[in-house]
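> Chains as they are written, first to last, in our numbering: chain A, 8 to 199; chain B, 8 to 199; chain C, 8 to 199; chain D, 8 to 199.
Keep in mind that the hints were calculated from the coordinates and are not lab data. Mixed in with the good hints, there may be bad ones.
Treat identical chains as interchangeable: a pair holds within one or across any two.
Keeping only pairs whose Cα atoms sit at most 30 Å apart, straight-line, the calculated DSSO-like set for lysine-lysine is [what the hints assert, rightly or not]:
1) Lys152 <-> Lys9
2) Lys152 <-> Lys33
3) Lys154 <-> Lys9
4) Lys10 <-> Lys80
5) Lys33 <-> Lys154
6) Lys33 <-> Lys10
7) Lys152 <-> Lys80
8) Lys154 <-> Lys80
Spelled out from the first residue to the last, the chains are:
There are 4 protein chains.
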Amino acid sequence: MKKGRLEAFSDGVIAILITIMVLELKIPHEADVGALQDLAPVFITYVLSFVIVGIYWNNHHHMLQATDRINGKILWANLHLLFWLSLFPFFTGWMGENDFASLPTAAYGGVLLAAAVAYYLLQRTIVTEQGPDSPFAAALGRDVKGKISPVIYAVAIPLAFVNRWIALGLYVVVALMWLVPDRRLESKIERV
Amino acid sequence: MKKGRLEAFSDGVIAILITIMVLELKIPHEADVGALQDLAPVFITYVLSFVIVGIYWNNHHHMLQATDRINGKILWANLHLLFWLSLFPFFTGWMGENDFASLPTAAYGGVLLAAAVAYYLLQRTIVTEQGPDSPFAAALGRDVKGKISPVIYAVAIPLAFVNRWIALGLYVVVALMWLVPDRRLESKIERV
Amino acid sequence: MKKGRLEAFSDGVIAILITIMVLELKIPHEADVGALQDLAPVFITYVLSFVIVGIYWNNHHHMLQATDRINGKILWANLHLLFWLSLFPFFTGWMGENDFASLPTAAYGGVLLAAAVAYYLLQRTIVTEQGPDSPFAAALGRDVKGKISPVIYAVAIPLAFVNRWIALGLYVVVALMWLVPDRRLESKIERV
Amino acid sequence: MKKGRLEAFSDGVIAILITIMVLELKIPHEADVGALQDLAPVFITYVLSFVIVGIYWNNHHHMLQATDRINGKILWANLHLLFWLSLFPFFTGWMGENDFASLPTAAYGGVLLAAAVAYYLLQRTIVTEQGPDSPFAAALGRDVKGKISPVIYAVAIPLAFVNRWIALGLYVVVALMWLVPDRRLESKIERV
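Just chain A, with the same shape it has in the complex (with noise of 0.2 Å):
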């Protein structure tokens, strides 16, 4: 089976679910700074998930890049992630519009972890299908920050009802770790 489709249809809901978040921007009926002023968690909030969307984005480029076969079972493992994905506006809703609250704040963790999690058994799925020693599973090689980000995760959504600051500033750490570049992997998946 072709992975065209599998990366265009991904790119679509991962391109959709990106702007549907800005939509919760609501427009505001006064023209002065203090209606920007209230809006600035929701902002704060869209920035951080545009981010993170933009890694899982940029994560599943790569790792598709270097991807040859694909079977059902990656289908619906690629579905699964999109499923976690798709909650995002949802989460990233309700936790600008209520401050960041502790329990909106968890929730929101919960489904980075949940996406995370997804990620990771996408990834066996498509290790399990081109074979232990791939040039893939070479390239993946042992996987640091995709076994540290959903621990870090699980950490963070328990201390968000002691001190939800916290909880946000893991889930920051978490999105700075993947964005610092990692030339090591890309260069080897470059040479896949």
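Since the structure of chain A is provided, determine the placement of chains B, C and D on it from the hints.
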């Protein structure tokens, strides 16, 4: 005629439908657990419709993978299928927001039935174009699932007025029937 | 310049327009038959606009299938067409929610007319690029449908103020005229 | 790394942004001419933003046409551009619904400026990847338009508080500057 744009357009419409359905999960103004509990029926219907649309996308992918040429009739049979799929967000939301009341649950089954019939018609149109002796027709075989699904929906719709949970259970049964991998068919199509 | 992205971008915009139109079917709070009946005019306009947009997508598909090269002028002529198509959801909704009142029905015809003219201009721009002796120009022939359609729309618009059902009937006539397969043209384009 | 998915993803996001902007044209409950007149400022801003987004899509198309390879930096520079474009619907709506009040008009210019800078940065990132002696860098030349546009926006923003029509006029001037075909550049890029 090449099939690339037919695939791309269908991917676009299906990707948007999946993400429009999530908009029915209206962001609550409260930040407590009760707010999430109120959303439970809408969330359950979202999961069900996400899985069903995912099955359609998967099957559509397999079907066109095994198709060489398309013509004007196939384009319109495909648009006919997309029309019924485009009504999923409306009927999913109507059923979810009315806590699975009888009429919306029956109507949801009606749209499932119409989409199943439209899918069957699209398949027949492709078989006619490819010829009854084509590898596509051979791989399709007796198409038991494709013929049983609309029958189950047709039985479930009136049952929604007797007991809506029976109807809903039958919709879930059809989804599970398709989710279980059908290795025989997949391997046959791959050989095409 | 390659035509791939022009097709992909047009597919994206048209796919989104079709699905945005369905958002005008506002989910009712009641779970009875009356709630659906109230939606009947909005539903009818949705079906009409879905079919018309489907015809545009189909024709666009055929037209670009027969086009080799594109240039900056074609890109803008295409964006011009997409602009008018992008107003379909607004005018479809306005007509449907006002039960086919005269002014919205005339305005709907106005957008149909503008889109038909934009399509004609796009076609002319492509003919100019491909040359009057190109297979594309030959396949297009006298383009009777393409020339009659805007004339019928122009006649229907003022008639909306006399009797809106006449105007609406004429819009349907144009749609049916395009839906009837035009084998002669299709086979000619296929030979291109 | 191949550029196909970068193009497809950007096409998806831009196609959705264009169609999301049209959602700001809220369907009026009245069926008279006054209802349309009230929408005039929102409609004018829609047309302006549609044209500007169309220009970005056109230029993005040309730029990537002349690009061979992409890397992680280009992916992120592109996401950075898409981020600012994703704020167009919000600021377009804010300006339109407040009848071009000073602050929203200045803020709209701010987003135009940010997008212009992001586009410039994306271009520089590609030049760095392709090399200063590449055909891409040669075709780009001195890039007068690309450098003047942000300067005009930066001048227009404070002027919005003096006279908003001057600011708006300057935004239109930049758009017209790009709409006028730049044959020299196009032919150079085509030769690439």
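> So, for every hint listed, does it hold in this structure?
These are the hints, each one checked on the structure:
no. : hint             : in the structure
1   : Lys152 <-> Lys9  : both (28 Å within a copy, 24 Å between copies)
2   : Lys152 <-> Lys33 : neither (35 Å within a copy, 33 Å between copies)
3   : Lys154 <-> Lys9  : both (28 Å within a copy, 27 Å between copies)
4   : Lys10 <-> Lys80  : both (13 Å within a copy, 24 Å between copies)
5   : Lys33 <-> Lys154 : neither (36 Å within a copy, 33 Å between copies)
6   : Lys33 <-> Lys10  : neither (37 Å within a copy, 34 Å between copies)
7   : Lys152 <-> Lys80 : both (24 Å within a copy, 19 Å between copies)
8   : Lys154 <-> Lys80 : both (22 Å within a copy, 24 Å between copies)
Hint compliance for this structure: hints 2, 5 and 6 are broken, all remaining hints hold.
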